[in-house]
Amino acid sequence: MKRIFLVTVFMAVLFVGACATAPKVEEKEEKVVVVERKEPREPEDWAKYFTEKGAEALEIRDGKVDFPNAIKYFERAIKAYPTSPTLYYNLGLVYQRMGNDQKAVEYYNKALELDPKYAMPVINRAAIYANRLEYNRAIEVCENFLDRENDKDVVVLSALAGFYLLRGDNINAIQSVRRILVQDQANVDALKNLGMIYFLNRDIGLATMVTTNSYNLRPDDAGIANNRGVLFSDQGDDSLAMLYFGNALNNDSKNVSANFNIGAIAMRYGDAETAYERFSIVLSQDPDNLRARVGLAIALRGLSRFEDAEKQYQKVLSKNPNHAKATFNLGILYYDHMNKQVEAKALFRRFISIADGIDQDHIVHKYLADKVFIRPKED
Numbered sequence: 001m002k003r004i005f006l007v008t009v010f011m012a013v014l015f016v017g018a019c020a021t022a023p024k025v026e027e028k029e030e031k032v033v034v035v036e037r038k039e040p041r042e043p044e045d046w047a048k049y050f051t052e053k054g055a056e057a058l059e060i061r062d063g064k065v066d067f068p069n070a071i072k073y074f075e076r077a078i079k080a081y082p083t084s085p086t087l088y089y090n091l092g093l094v095y096q097r098m099g100n101d102q103k104a105v106e107y108y109n110k111a112l113e114l115d116p117k118y119a120m121p122v123i124n125r126a127a128i129y130a131n132r133l134e135y136n137r138a139i140e141v142c143e144n145f146l147d148r149e150n151d152k153d154v155v156v157l158s159a160l161a162g163f164y165l166l167r168g169d170n171i172n173a174i175q176s177v178r179r180i181l182v183q184d185q186a187n188v189d190a191l192k193n194l195g196m197i198y199f200l201n202r203d204i205g206l207a208t209m210v211t212t213n214s215y216n217l218r219p220d221d222a223g224i225a226n227n228r229g230v231l232f233s234d235q236g237d238d239s240l241a242m243l244y245f246g247n248a249l250n251n252d253s254k255n256v257s258a259n260f261n262i263g264a265i266a267m268r269y270g271d272a273e274t275a276y277e278r279f280s281i282v283l284s285q286d287p288d289n290l291r292a293r294v295g296l297a298i299a300l301r302g303l304s305r306f307e308d309a310e311k312q313y314q315k316v317l318s319k320n321p322n323h324a325k326a327t328f329n330l331g332i333l334y335y336d337h338m339n340k341q342v343e344a345k346a347l348f349r350r351f352i353s354i355a356d357g358i359d360q361d362h363i364v365h366k367y368l369a370d371k372v373f374i375r376p377k378e379d
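Under this note's numbering, think of the first position of the sequence shown as 1, with each following residue one higher.
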């Protein structure tokens with residue numbers, strides 16, 4: 001199972017406040033000061049109160065999120081203050097985390113109707129397309145915003161660079177990063193993407209230099225710490241990689257990329273329990289992350305939870321029927337563990353038809369000929 005290389009390219013950030021310009025709440029480990037809560041009076045106060053309640057419902061508890069209550073409170077916040085684009089964005093974010101892309105886009109569009117220059121709904125709407133591997137549509141959403149509203153918006157430019165990277169278009173990715181660095185030479189998101197562009201171009205020297213310098217500049221940034229871990233993992237040093245992935249989680253325990261990477265390394269070393277925990281966290285934040293869902297299914301197989309693993313593979317294939325890795329691994333699950341050899345062989349034949357580079361030495365041919373005696377590690 002390949003590791004994810006990029007930091008998250010969209011910003012799933014919950015704003016607590018009644019207006020689009022509300023500042024992001026910074027979390028600090030300091031002594032808690034108990035302040036007596038006053039009963040809300042103004043519409044803005046009620047909106048903020050319900051938003052805070054909704055945010056509490058979105059906290060992960062025992063690996064689960066209380067989406068119904070989050071929706072209830074965010075709907076109440078909108079009812080209290082219906083002219084705030086931020087509140088519509090928040091509700092869209094909940095639906096996106098639930099995997100309901102249609103409802104998410106509906107609320108993102110409502111937020112943009114109230115504030116056409118609001119970048120966050122644009123980025124997350126584009127990310128929905130990117131999660132479906134529709135990178136051209138994701139890029140188009142960002143480019144249209146930049147052309148129409150603000151061609152210097154560094155947040156959208158950063159997301160655009162990430163989408164170009166996912167499409168494999170490193171030249172345009174670099175151009176997007178340069179448009180940011182012209183404005184701010186120390187922009188953290190631009191430096192993250194620049195380091196990964198060099199990495200994907202296999203210019204490890206420049207990738208290491210940029211990533212090291214940006215880490216020294218912002219050691220508290222989870223994405224940069226994650227990218228340093230990626231570089232060490234690529235060099236075969238999983239110990240240092242795990243150190244930096246751990247640093248990333250110390251800065252942001254919900255960081256999608258760092259959780260994914262720890263899960264991938266844990267699974268490679270046979271630690272299915274840790275892999276299950278990390279992939280579950282990823283999916284609680286990003287339910288459309290099909291690589292994480294395949295990873296979760298493999299971890300469930302390692303925990304001998306075969307029916308649960310089957311359900312996860314089926315969720316992947318319902319989103320993308322041509323997902324080669326899910327097709328192959330579901331076949332292994334059926335053949336090795338669930339006594340469904342007929343169904344397994346149908347999946348193996350489909351895998352051959354949709355996967356690239358399958359030669360006669362691939363293990364799938366041995367499965368089809370019933371000549372597998374030592375089971376392979378799931379890939």
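Because the hints were derived from the structure by calculation, they are not lab data. All C-beta atoms, glycine included, are put in the ideal place defined by N, C-alpha and C. One should not assume that every hint holds.
Said to hold, decoys possible - No more than 30 Å apart at the CA atoms, straight line, and that leaves these computed lysine-lysine pairs for DSSO-like:
1. Lys117 / Lys64
2. Lys152 / Lys64
3. Lys110 / Lys72
4. Lys103 / Lys72
5. Lys72 / Lys371
6. Lys64 / Lys254
Stated by the list, open to error - Just the calculated beta-carbon pair ranges, DEER-fashion:
7. Thr83 / Arg305: 27 to 37 Å
8. Gly168 / Asp147: 21 to 31 Å
9. Asn69 / Ile363: 39 to 49 Å
Numbers of unmet hints, in rising order: 1, 2, 5, 7
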